[in-house]
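Colleague: Sequence:
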Amino acid sequence: MTYAEPPLREPDLPRTAKVRPTALRTGWTTGACATAAAKAAVTALVTGVPQPEVEIGLPGGRRVSFPVARCDLAPGPEARAEAVVVKDAGDDPDVTHGAHLTATVDWRAEPGLDLAGGPGVGTVTKPGLGLAVGGPAINETPRRMIGQAVAEVVDLTEVGVRVVISVPGGEVMARKTTNRRLGILGGISILGTTGIVRPFSTASWRASVVQAVHVMAAQGESTVVLCTGGRTERAARELLPELPEVCFVEVGDFTGAAVTAAVGDGMTGVVFVGMAGKLAKLAAGILMTHYTRSKVDLSLLGAVTAEAGGDADLVAAVTAANTGRHAYELWEAAGLLGPAGDLLCHRVRQVLLRFAERAVTVDVAMVDFAGSRVVASSGRWAA
Numbered sequence: 001m002t003y004a005e006p007p008l009r010e011p012d013l014p015r016t017a018k019v020r021p022t023a024l025r026t027g028w029t030t031g032a033c034a035t036a037a038a039k040a041a042v043t044a045l046v047t048g049v050p051q052p053e054v055e056i057g058l059p060g061g062r063r064v065s066f067p068v069a070r071c072d073l074a075p076g077p078e079a080r081a082e083a084v085v086v087k088d089a090g091d092d093p094d095v096t097h098g099a100h101l102t103a104t105v106d107w108r109a110e111p112g113l114d115l116a117g118g119p120g121v122g123t124v125t126k127p128g129l130g131l132a133v134g135g136p137a138i139n140e141t142p143r144r145m146i147g148q149a150v151a152e153v154v155d156l157t158e159v160g161v162r163v164v165i166s167v168p169g170g171e172v173m174a175r176k177t178t179n180r181r182l183g184i185l186g187g188i189s190i191l192g193t194t195g196i197v198r199p200f201s202t203a204s205w206r207a208s209v210v211q212a213v214h215v216m217a218a219q220g221e222s223t224v225v226l227c228t229g230g231r232t233e234r235a236a237r238e239l240l241p242e243l244p245e246v247c248f249v250e251v252g253d254f255t256g257a258a259v260t261a262a263v264g265d266g267m268t269g270v271v272f273v274g275m276a277g278k279l280a281k282l283a284a285g286i287l288m289t290h291y292t293r294s295k296v297d298l299s300l301l302g303a304v305t306a307e308a309g310g311d312a313d314l315v316a317a318v319t320a321a322n323t324g325r326h327a328y329e330l331w332e333a334a335g336l337l338g339p340a341g342d343l344l345c346h347r348v349r350q351v352l353l354r355f356a357e358r359a360v361t362v363d364v365a366m367v368d369f370a371g372s373r374v375v376a377s378s379g380r381w382a383a
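Residues 1 to 383 in the numbering used here are what the sequence shown lists, from first letter to last.
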């Protein structure tokens, strides 16, 4: 199989990339909302006055105000305060949008801040996240933000404060995240590096992909299985039942970032399982496959069709196809799905090997659009 090797490209989305025709609204991370709730509760505890609004500093230096949905005081020898800030994720499709980030605070004998997770905040059960196993899934930046916000109200070198962050319904929300696979059980994570949720953030998705690879590396696994979504992951699990759950990573559009992380973590094997459209983009050397930055190269699929033995009419039809899926259907109707699909997988395998500088083995499988069966492959499954 000889063909001109495509140049390798890993385009990035600008932060201002539009995915809707109208301007999108930014929102606040769970970390920023938890910080605001904590400061409101501590302020109420100190002043004895429920707080209707609170201002916090973001890591970038900007100061922002949050409305406080609820702020309660329990006076007396066991004095404590509780505040709730409702997460507004802006126009980001976030499962935690509308979550009630709740901070319950009281005094403690020892100076300093004791930060804990309550109901709805996950518990870390596996290494590789940069958090203590057994502790709450409150990431480093939110921890720092909460500490700084509390220190704006009290002197933590002289006063001790206990802050418990909880999220009613967080355990249910977490079912729609990758937390369980990462070993975060019982709730959501308190996240954020800037405090701001940027709509349809490619950066956050890329970061989650890289983190998933780091987690499996920390557990001693050597083969990562990259899947483009839920359907391809189901097929991949059936294809590789011997691998533990942590090995399967939904990369979305960030195959390049995942492969780079795998090589950096010393992995020895990469398996990619995808459908025709993503495979066509990868075969063209595009390692970040979001639709705003790349499109299916139908001329490449036409060349694959010819190489697989398709006649001139089929080559022309595939080259003029509407989508990668349309090309797939044309191959299937012509009885060429297996040969053409194998050739496409071979091209993807060569691209990934080049991108990884042959530091890992690479296997590629194409699944049907239901994710129910593998229809083509290259690498270990090649005939």
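What the hints contain is simulated information worked out from the structure, not anything from laboratory work.
Computed from a predicted structure; not experimentally measured.
Incorrect hints may appear among the rest.
Derived lysine to aspartate or glutamate pairs resembling EDC-like cross-links, with alpha carbons at most 20 Å apart [as the list claims (entries may be wrong)]:
{"hint": "1", "residue 1": "K126", "residue 2": "E221"}
{"hint": "2", "residue 1": "K176", "residue 2": "D88"}
{"hint": "3", "residue 1": "K126", "residue 2": "E171"}
{"hint": "4", "residue 1": "K126", "residue 2": "E10"}
{"hint": "5", "residue 1": "K176", "residue 2": "D265"}
{"hint": "6", "residue 1": "K126", "residue 2": "E5"}
{"hint": "7", "residue 1": "K295", "residue 2": "E10"}
{"hint": "8", "residue 1": "K176", "residue 2": "E233"}
{"hint": "9", "residue 1": "K126", "residue 2": "E140"}
{"hint": "10", "residue 1": "K295", "residue 2": "D265"}
{"hint": "11", "residue 1": "K295", "residue 2": "D91"}
{"hint": "12", "residue 1": "K176", "residue 2": "E245"}
Colleague: So if I understand the rule, the pair passes when the alpha-carbon distance is 20 Å or less; does K126 with E171 pass?
Modeller: With a Cα-Cα distance of about 18 Å, the restraint between K126 and E171 holds, given a limit of 20 Å.
Colleague: For the pair we were handed, K126 and E221, check the Cα-Cα distance against 20 Å.
Modeller: Answer holds: K126 to E221 is near 13 Å, not above 20 Å.
Colleague: Does K126 pair with E5 here, judged by a C-alpha cut-off of 20 Å?
Modeller: Roughly 40 Å between the alpha carbons, so the hint for K126 and E5 is violated.
Colleague: Checking one constraint from the list: CA of K126 to CA of E140, max 20 Å. Satisfied?
Modeller: Judged against 20 Å, a Cα distance of about 16 Å means the pair holds.
Colleague: Does the alpha-carbon distance linking K295 and D91 stay inside the 20 Å limit?
Modeller: Violated. K295 to D91 sits at ~25 Å, over the 20 Å cutoff.
Colleague: Please verify whether K176 and E233 have alpha carbons no more than 20 Å apart.
Modeller: OK: K176 and E233 at ~15 Å, within 20 Å.
Colleague: Is the Cα-Cα distance between K176 and D88 20 Å or less?
Modeller: Roughly 18 Å separates the two Cα atoms, so the pair holds.
Colleague: Would you mind confirming whether the straight-line C-alpha gap from K295 to E10 stays at or under 20 Å?
Modeller: Since the Cα atoms of K295 and E10 sit roughly 13 Å apart, the hinted pair holds (cutoff 20 Å).
Colleague: Quick one, are K176 and E245 close enough, alpha carbons at most 20 Å?
Modeller: holds, 16 Å
Colleague: Need the status of pair K295, D265: alpha-carbon distance at most 20 Å?
Modeller: violated, 30 Å
Colleague: For the pair supplied as a hint, K126 and E10, is the alpha-carbon distance within the 20 Å limit?
Modeller: The given pair, whose Cα atoms are some 31 Å apart, is violated under the 20 Å limit.
Colleague: Sort out whether D265 lies within 20 Å of K176, counting only the CA atoms.
Modeller: Cα-Cα ~27 Å, so violated.
Checked against the numbered hints above, the structure violates hints 4, 5, 6, 10, 11; every other hint is satisfied.
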